[in-house]
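So you can see what is in the structure, the chains are spelled out below.
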Amino acid sequence: MDPTRDTAETRDLRERARAFFQDNRPSDPGFKLPQTFLEVESEEQFLWLKAWQKQVYGAGLLGVEWPAAYGGKGMPSGSQRVVAEEMGRAGVPFIVNRIGLDWAGPTILAVGTEEQKQRYLRNILSCDEVWCQGFSEPGAGSDLASLRTSAVRNGDHYIVNGHKVWTTQALWADFMILLARTDTSAPKHAGISYFLFPMKSKGVSVRPLVKMTGEGGFNQVLFEDVLVPASCLLAGEGDGWRLAVMTLAFERGASEGSATGGALAAGGDVARLVALAKEVSRDGRPASEDPVMRDRIAELAIEEEALLASALRARVPGLVEERPLALPFLSKLVATEFGQRAAAVGQELEGPLAQYAFGAERAADGGHFQRAYMNSFGFTIGGGTSEIQRNLVGERILGLPKST
Amino acid sequence: MNFDLTPDQKLLESTMASFLKKESPVSRFRALREDPVGYSKSLWKTMAELGWIGLAFPESAGGLGGSFVDVAILLEQFGAGLVPEPFVASVLAAGTAILRAGSAEQHEAYLAPLIAGDTTLALAWAERGGRYDPTWVETTATKQGDAYVLQGEKIFVQNGHAADVLVVSARTAGTPGDTDGISLFVLPRETEGLRVTPVNTMDGQKAATITLAGVVVPAASRLGPEGAAAPVLDEIMDLGAAAACAEGLGVMRASLAMTVDYLKTREQFGVKIGTFQALQHRAVDMFIRTELAKSTSILASVKVSDPDPAERRFAVSAAKVELAICGRYVTQQAIQLHGGIGITDEHDIGLYFKRMHVLNALFGDEEHHLARFGAQPAF
Ligand SMILES: Cc1cc2nc3c(=O)[nH]c(=O)nc-3n(C[C@H](O)[C@H](O)[C@H](O)COP(=O)(O)OP(=O)(O)OC[C@H]3O[C@@H](n4cnc5c(N)ncnc54)[C@H](O)[C@@H]3O)c2cc1C
Numbered sequence: 001m002d003p004t005r006d007t008a009e010t011r012d013l014r015e016r017a018r019a020f021f022q023d024n025r026p027s028d029p030g031f032k033l034p035q036t037f038l039e040v041e042s043e044e045q046f047l048w049l050k051a052w053q054k055q056v057y058g059a060g061l062l063g064v065e066w067p068a069a070y071g072g073k074g075m076p077s078g079s080q081r082v083v084a085e086e087m088g089r090a091g092v093p094f095i096v097n098r099i100g101l102d103w104a105g106p107t108i109l110a111v112g113t114e115e116q117k118q119r120y121l122r123n124i125l126s127c128d129e130v131w132c133q134g135f136s137e138p139g140a141g142s143d144l145a146s147l148r149t150s151a152v153r154n155g156d157h158y159i160v161n162g163h164k165v166w167t168t169q170a171l172w173a174d175f176m177i178l179l180a181r182t183d184t185s186a187p188k189h190a191g192i193s194y195f196l197f198p199m200k201s202k203g204v205s206v207r208p209l210v211k212m213t214g215e216g217g218f219n220q221v222l223f224e225d226v227l228v229p230a231s232c233l234l235a236g237e238g239d240g241w242r243l244a245v246m247t248l249a250f251e252r253g254a255s256e257g258s259a260t261g262g263a264l265a266a267g268g269d270v271a272r273l274v275a276l277a278k279e280v281s282r283d284g285r286p287a288s289e290d291p292v293m294r295d296r297i298a299e300l301a302i303e304e305e306a307l308l309a310s311a312l313r314a315r316v317p318g319l320v321e322e323r324p325l326a327l328p329f330l331s332k333l334v335a336t337e338f339g340q341r342a343a344a345v346g347q348e349l350e351g352p353l354a355q356y357a358f359g360a361e362r363a364a365d366g367g368h369f370q371r372a373y374m375n376s377f378g379f380t381i382g383g384g385t386s387e388i389q390r391n392l393v394g395e396r397i398l399g400l401p402k403s404t
Numbered sequence: 001m002n003f004d005l006t007p008d009q010k011l012l013e014s015t016m017a018s019f020l021k022k023e024s025p026v027s028r029f030r031a032l033r034e035d036p037v038g039y040s041k042s043l044w045k046t047m048a049e050l051g052w053i054g055l056a057f058p059e060s061a062g063g064l065g066g067s068f069v070d071v072a073i074l075l076e077q078f079g080a081g082l083v084p085e086p087f088v089a090s091v092l093a094a095g096t097a098i099l100r101a102g103s104a105e106q107h108e109a110y111l112a113p114l115i116a117g118d119t120t121l122a123l124a125w126a127e128r129g130g131r132y133d134p135t136w137v138e139t140t141a142t143k144q145g146d147a148y149v150l151q152g153e154k155i156f157v158q159n160g161h162a163a164d165v166l167v168v169s170a171r172t173a174g175t176p177g178d179t180d181g182i183s184l185f186v187l188p189r190e191t192e193g194l195r196v197t198p199v200n201t202m203d204g205q206k207a208a209t210i211t212l213a214g215v216v217v218p219a220a221s222r223l224g225p226e227g228a229a230a231p232v233l234d235e236i237m238d239l240g241a242a243a244a245c246a247e248g249l250g251v252m253r254a255s256l257a258m259t260v261d262y263l264k265t266r267e268q269f270g271v272k273i274g275t276f277q278a279l280q281h282r283a284v285d286m287f288i289r290t291e292l293a294k295s296t297s298i299l300a301s302v303k304v305s306d307p308d309p310a311e312r313r314f315a316v317s318a319a320k321v322e323l324a325i326c327g328r329y330v331t332q333q334a335i336q337l338h339g340g341i342g343i344t345d346e347h348d349i350g351l352y353f354k355r356m357h358v359l360n361a362l363f364g365d366e367e368h369h370l371a372r373f374g375a376q377p378a379f
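Line by line, the protein sequences are chains Y and D.
Using full-length UniProt numbering, read the first sequence as starting at 1 and increasing by one per residue.
Using full-length UniProt numbering, read the second sequence as starting at 1 and increasing by one per residue.
Bound-form chain Y, shown alone (with noise of 0.2 Å):
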């Protein structure tokens, strides 16, 4: 057994995918572009990504476990996660449909009727519709059950009235998943139901918000009497929680499918402080000779090390026998927290220079960490927060009593 070593045919899609990344390498596009997926903000950087995504879907590199019926290569699970690999190492650009692939995709894929999987998935892989999530609400993040904008049946359609909030991507997509309340006589999480809602319905309106950074990307986006055909439900009315769980599990990395391979499979933190370490100075010497800094950045190596094995792990239902869920389960919660940890290192190693807005001409690696710094609050909450994560895992994992 050596989950570190390549099948055949994954050896031949790495080898295509090192080929096609380092030869398509995107020049600088003359404009800053966002760290992640959760942080696109103008017309032009979301021009730009889905143009990169296009091209990479086009080298049969994006979808590759989906079934080639829906546009993917019909590959065994981890295939995708190679490709991802692959990406991490050559330092591209990220793949910017993300809730699409790894959110919408899979749970369409798993539950949505034929005539849902034609009209959608092809479209999801090539970026020509782009998705967005309304799961949140003001009063309704972590419990995200008690939400309460509403779609009442009105012969072949559904009225939409609410306000969802955080939304990601919500100014360029072309569809939300979206939850509702289709039941208010229901208890609470029965009366939910799941939408594959067109965001340009009339009646919709989208408010970009601004995070701490300065940098936009989530959203809140009001309905006012928004009518959709009854067609869009997926699944049957009042299943959205079931659903939500599903995509929710997707989102953090807990269940295989997912077009991208995921965020944790690729690493790369630890290789970026060690080239800002010989980068910045310190008394006239690079940062890395200084031991201090040596040690924090040995220490995150090597718990890079046991993450990227812990994921290659969970990845042969052998090795998590016991309980199959719970490495794959820790994977958004450890990662995050591994992020976090490490941006903040990356501002230490800065010294004087952490003070720098990023974007400023004289940043470190171009503000680099100052900005995974402060973004990764939006993985650390995002998605569920740390705090629900650990709750999930002791109530599921260890089986700790459920707390009230």
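Since the hints were made in silico from the structure, they are not lab data.
It is possible that some hints are incorrect.
No farther apart than 30 Å at their CA atoms in a straight line, the calculated lysine-lysine pairs in the BS3-like style are these [stated by the list, open to error]:
{"id": "1", "chain 1": "Y", "residue 1": "K202", "chain 2": "Y", "residue 2": "K117"}
{"id": "2", "chain 1": "Y", "residue 1": "K188", "chain 2": "D", "residue 2": "K264"}
{"id": "3", "chain 1": "D", "residue 1": "K21", "chain 2": "D", "residue 2": "K272"}
{"id": "4", "chain 1": "D", "residue 1": "K303", "chain 2": "D", "residue 2": "K10"}
{"id": "5", "chain 1": "D", "residue 1": "K264", "chain 2": "Y", "residue 2": "K402"}
{"id": "6", "chain 1": "Y", "residue 1": "K32", "chain 2": "Y", "residue 2": "K54"}
{"id": "7", "chain 1": "Y", "residue 1": "K188", "chain 2": "Y", "residue 2": "K402"}
{"id": "8", "chain 1": "D", "residue 1": "K22", "chain 2": "D", "residue 2": "K10"}
{"id": "9", "chain 1": "D", "residue 1": "K272", "chain 2": "Y", "residue 2": "K402"}
{"id": "10", "chain 1": "Y", "residue 1": "K117", "chain 2": "Y", "residue 2": "K188"}
{"id": "11", "chain 1": "D", "residue 1": "K143", "chain 2": "Y", "residue 2": "K188"}
{"id": "12", "chain 1": "D", "residue 1": "K41", "chain 2": "D", "residue 2": "K264"}
Add chain D with the ligand to chain Y, keeping to what the hints say.
Only chain D with the ligand this time, still in chain Y's reference frame:
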């Protein structure tokens, strides 16, 4: 050792707190982020009239003869309210340089208007190669008859973008890293050849990069004897670090208060989120770290004026490391416990988080002070 404030200091604290609460709510700082100066010259004048600027100077120099503990009380309030006026840059950095190294005439010329609130100052000491070492001076001052010619570049000059007068360190002898051979010069902002490029810092405040391209200054604008400024700069580094600790304490206290308040108001799962014990424990850990940082900050405030540099360094480095560890924890958790709203620009908690980030990078970061602490003979 007595940790209690005197009745006078308590009065000072409550007067400062209520004045700043009224005159400098966080919304003021928020608006000033867009302003090229970034603070208010008229509020600066008022602060002077209240005696706050004079607090830091001895009566012999026209001040009120306060202690650093008094100054720390003020700075903690600055931190709690995110007050952007350039107290540290003008008073503790440049002001101390002039006070320690300057002549009576120079005190009169530069400190009097500062204490009156008519000017602000800046100290340009940091250079690109030196990280936190004020003896890393590549900038040169070459004697030419009765003048010096300054050549070089200074980075992160706090208040450099708006100061009326700059104090600049330059090497009259030796090589970067040498203690000997560093001199200080006072330059009015309009001096020919002095180029000021404002830079934005992460916390929404400003600083400047300063280039000196063959700047000619009369020998009379040198502060103190030639080549002997290193001990003054060394003391200023500690004053600045102790000041960051005091201000950081205010940042932590405000962040903790806002978070506890949020835990008591935000509801999820039909209850206040403060009923979740995971969050209660987190808030308690934030509280503990705030108190730990307060203790070391008080020690630093007392010891920073100690005539023995070893005593001074011991307390200041301990406090600055504790500020980094505790301050980072408290402000990170403050964001985390606010959930999505915590990472928006609209919410004030992010402003505190970012201020802490900059305070940690000022006058020696964690790594710098850890190394300095560990290098003491006691180990
Ligand atoms: C950058 C970013 C992007 C996002 N993008 C999207 C998106 O595209 N679509 C979408 O639908 N949502 C999105 N979200 C929303 C995200 O899912 C919510 O922010 C998250 O679920 C937390 O909800 P909240 O913000 O209301 O915080 P709250 O739920 O109010 O939480 C506040 C604090 O209380 C804690 N807490 C709450 N309940 C418990 C408990 N039972 N036990 C212990 N601690 C608890 C939380 O951990 C947190 O620390 C995004 C968020 C961020 C930050």
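Hinted pair K202(Y) and K117(Y), Cα distance within 30 Å: OK: K202(Y) and K117(Y) at ~25 Å, within 30 Å.
Pairwise hint evaluation, K54(Y) against K32(Y), where the allowed Cα distance is 30 Å at most: Holds: K32(Y) and K54(Y) sit about 20 Å apart, inside 30 Å.
Pair hint K188(Y) and K264(D), alpha-carbon separation not exceeding 30 Å: 24 Å, holds
Given hint K10(D) paired with K303(D) - CA-CA distance at most 30 Å: 20 Å, holds
Hint consistency between K272(D) and K402(Y) [alpha-carbon to alpha-carbon, up to 30 Å]: 18 Å, holds
Agreement of K188(Y) and K402(Y) with the hint, judged by alpha carbon distance not exceeding 30 Å: It holds: about 18 Å lies between the C-alpha atoms, which stays within 30 Å.
K21(D) paired with K272(D) [C-alpha distance capped at 30 Å]: 28 Å, holds
Pairwise hint evaluation, K188(Y) against K143(D), where the allowed Cα distance is 30 Å at most: The hint is violated at about 81 Å.
Given pair status - K10(D), K22(D), alpha carbons within 30 Å: Measuring from Cα to Cα gives roughly 19 Å; hence the hint holds.
Pairwise hint evaluation, K264(D) against K41(D), where the allowed Cα distance is 30 Å at most: Status violated; Cα separation ~38 Å.
Pairwise hint evaluation, K188(Y) against K117(Y), where the allowed Cα distance is 30 Å at most: Distance of about 29 Å is within 30 Å: holds.
Hint consistency between K264(D) and K402(Y) [alpha-carbon to alpha-carbon, up to 30 Å]: 23 Å, holds
The structure shown violates the earlier hints numbered 11 and 12.
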